[in-house]
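Peer 1: From first to last, the protein sequence lines are chains F and U.
Heads up: the first sequence runs through residues 2 to 288, numbered per the numbering used here.
Heads up: the second sequence runs through residues 587 to 1295, numbered per the numbering used here.
The reader is advised that the hints may include incorrect statements.
[Said to hold, decoys possible] Below are the EDC-like pairs computed for lysine to aspartate or glutamate, each with C-alpha atoms no more than 16 Å apart in a straight line:
| id | chain 1 | residue 1 | chain 2 | residue 2 |
| --- | --- | --- | --- | --- |
| 1 | F | K57 | F | D19 |
| 2 | F | K62 | U | E1239 |
| 3 | U | K841 | F | D66 |
| 4 | F | K46 | U | D1196 |
| 5 | U | K1197 | F | D42 |
Derived by calculation from the structure, the hints in this document are not laboratory data.
Next come the chains, spelled out residue by residue.
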Amino acid sequence: MKQNNNKAHKFGMVIDLDKCTGCGSCMVSCMSENNVPFKEDESNKKDSITWMSVYKLTNGKSFPDTQIVYMPRPCQHCGGKGDHGHSPCVSVCPAVATDYGYDTGIVSQIYTRCFGCRYCMGACPYHARYFNWWDPKWPEGMENYLSPDVSPRMRGVVEKCSFCYHRYQAARDIAYYEGRDDIEEHEYQTACTTACPAGAIVFGDLNNPAHQVHQIVKPDPHPDPRNKHVVGKSRNPKVFRLLERLGTNPKIYYLSEREWVRKAGDNYLDGEWDKIKNYHGATLSND
Amino acid sequence: MKVDRRSFLGLGLGAVAGVAVSPVGIKLTDDSSIWTQNWPWTPVPIDGEVTYENSVCSLCPGSCGLSIRKIDDRPVKIEGLAEHPVNDGGACLHGIAGLQYLYDPARVKTPLKKNGDKFEKISWDDAIALVAGKLVDIRKSGSPEKLACIADKEQGSVSGLFQRLLKTFGSPNFYTMPSLESYLEVTAEALHGEGMTIGFDLENSDFVLSFGAGIIEGWGSPVNCFKANASRRARHAKLYQIESRLSNTAANADKWIPIKPGTEADLALGICAVILKNNLFNGGATANFRGGFNKLAIMIQKDYAPSKTAEITGVKASDIEKIATLFAKAKMPVAVFGKGRGDGAQSLKELAAVHTLNCLVDNINKEGGAFVQPQSEYLEFPDESMDSIADAGFSKNKAGRYVNQLIEKVNESSKPVVEALFVYNANPCYSLHDSKSVKQAIGKIPFVVSFSSFLDETAKEADIILPSHTFLERLEDVPSCAGLAKSVVGLTKPVIDPVFDTKHAGDAVILIAKALEGSIAQNFEWETYDECLESVAGGIWDSLSEDGYAIISEGAPSGSVAVNVSFLADNPATIQAQGDYELTLIPIDNMRLINAGIAASPFAIKTVSDKVLKGSDIVVEINPLTAKGLKDRGYATLTTPMGTARVMINLNEGMMPGIIGMVEGLGHTFDNKYVSNKGINVNDLIGPVIESGSGLDAAFGIKVKISKA
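I would like the entire structure built from these sequences, with the hints used as guidance.
Peer 2: Right, dumping it as structure tokens:
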């Protein structure tokens, strides 16, 4: 029996920003799961490696009308224009150190192939990639908690969220061992998803209508008629993606009841939002 | 040999062809690329068999169930335990980062004894003998009550062993650090009588009126509260947050009601007044009011009419009426107290006033309301046998009711009030207000024994450190006691052999007791702590050891409870912030930091925003209107009656004008560069203000002056 690779998955995530409390559990669970190191001073956020990063957004109004929302941002695992797998980072990597998995939709990162040119970091519109400026160092004895599932990185390479790919591999191994064709929804969940105390993160296969993530997002399989680069746009009016109209086709969807939060998912010119607020992801003129 | 043009060219071309054809070049390139990918200094984690073990977190009173993934003997990942009655999957960042505490650079690796300014290693036998010898001397001197103990809580068998040691030794001086549970008990005692506690059924309530309780800031049992909050929309429940700062809870709430800091009690009484005046209260409930009700009703109509309350609190009179109506008319309303995480300073006036709202709308012991029930006592310690010295000592008065009163007495008295002090799971030199004077008091005590796992601020002041196992290395019963609607006891289990030469604090106490001999030793006949736990947990041991937890009570308790509001009826004064400056400095509870007990882990510190901590500078929040000439990200000097501090400015529209917010949990000074020497401890800048009538330190913030640095 061969491992089942013939059905294409498209793993993705929907994050309910109304439930997110900004507590940081997802960030720490990610760091602990993926052997992410830490330094003495992590307050320079530009060199602080956080595969999952939680941003704080405000509505820009003054007291007492201010509102805040927290936005967790893992790697967006972009499908690229038209969702053909030409993610911004994959397209520019000269070393094939990052690649698009057509069977999973996951953008990989192979540390030993990376030689640190950082083109991918420049190409990524989401700041999801991090460079190891230093070798990782753990205090004496702390190396004992490192997990063998993810290799610790070294100075000079780029790293990012892998959707906990090793968990997918482990789940597939179990399925294979048990003679099953495919894995169940609950068998493959990322570390941030399982850690979230508010249950704000839902992870699964966007191609599988039985999965919760599909049911919330209701992705449109056809290219958006108003912007042909956009594929997989949500048919749920409360759901949006970041910088959706670039056509990067991220697999991270966000959910919010609040309009100002949905508006924060992109940059809009004056007056633009009102025209496309029910159709974010579209460009105004069909190019 | 003559090299002519022809042979030169021939050799040259031959060499070029040779190099091109030869595999050496490719081999060298390949070798060098392999060589550049050798990182012998980068660890290669060893693989092995994967197993999962269940345990319970005891880093905070939340008591969440944990699932720990292990590779052979090494724990590598902590996650929340699905289907656990407290957290049902999910865990907070501190629990998940728990493994970092095992290998914390500041851990105390062996017993230590202070010699001059330095600590020296000593053996466990010598350490126990030394402590016992000192205690024997104190007993011989005839004042056994001069042995005191400060622990994190009263509940649980380890705390029980400390209390038992003190009692059979002859001292009533057992203290706990302020915690939400201690405030719940104080409130319940004031309104309902001794031995009671309060739980809030947030998961079912349809209208939560929170007086600054940081429901998603770590209040109560954090993960449980996160879940209750996350299900709010689906349940069509409302959360109204009364707080002077746009906290995460306020931001997530259905309505944020900004209030002048420290006037929450007044607002609660104002709402009571509207409920009474408009006959919105439940007639049946008032039948339970035993003392002071009529007096209270008259007092609040006079002193807390909406217009007056509006003046005191800054909340509009119309809003007060609206909130009162919504609250009283909701099906399952609940009013929640405990500002921030609920373990900081609180005044009994505020606690009682907020809880009176619950009593008025008759949600006591009803689904979605407040559960008032006896404190759960699941442990069955055998009765103590005490000798005459113990009897005499134990019957004396405590030095004070609360730990802050003990500290004050030690500092004031010229004669030693306390000869020896035990500190377990507590860091008073960091977490109490005016940490300088706390340190001074601890310094005045001739013999301080710390049972800390880490060389924290208080352990540094100790004479002997008997290091405890961390929660991943020990067996312990962990009662959930943080305002949860259900009462659950979890079992923390060792998931790794002790990393260092530490002992279970329970074992250390048993050893000390045995070394004291006589009637004290007779009360500690267990060989080990594990044996003790199994015997005292009697009734629930089977379920603890099999399921990892035991549910003591669940759902609304039956029966009504009497309510006595005589404390409020006298209209005790609202606590004012200390000092004469114009602005008020308030502490901020941030989920990613810890202000009581242990310090946050390196991972947790890493997640802290650069708008809270930048380099080694603490960042304070201030409304642009109040900041006047100060620039965002610029420096300023804060001056309070307690001291001054250099801070960075974060202009924040979520702050009420007139206040400055400073996060709690930074400014540690122990030997862990990843978490220490970052920012300052807000408790250095705030002094205690004692509420007369209750004796509680009730200072919420302090007056402050800000100037450009």
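Peer 1: Each hint: holds or not?
Peer 2: Verification of the hints:
no.: 1; hint: F:K57 x F:D19; in the structure: 13 Å, holds
no.: 2; hint: F:K62 x U:E1239; in the structure: 7 Å, holds
no.: 3; hint: U:K841 x F:D66; in the structure: 11 Å, holds
no.: 4; hint: F:K46 x U:D1196; in the structure: 7 Å, holds
no.: 5; hint: U:K1197 x F:D42; in the structure: 14 Å, holds
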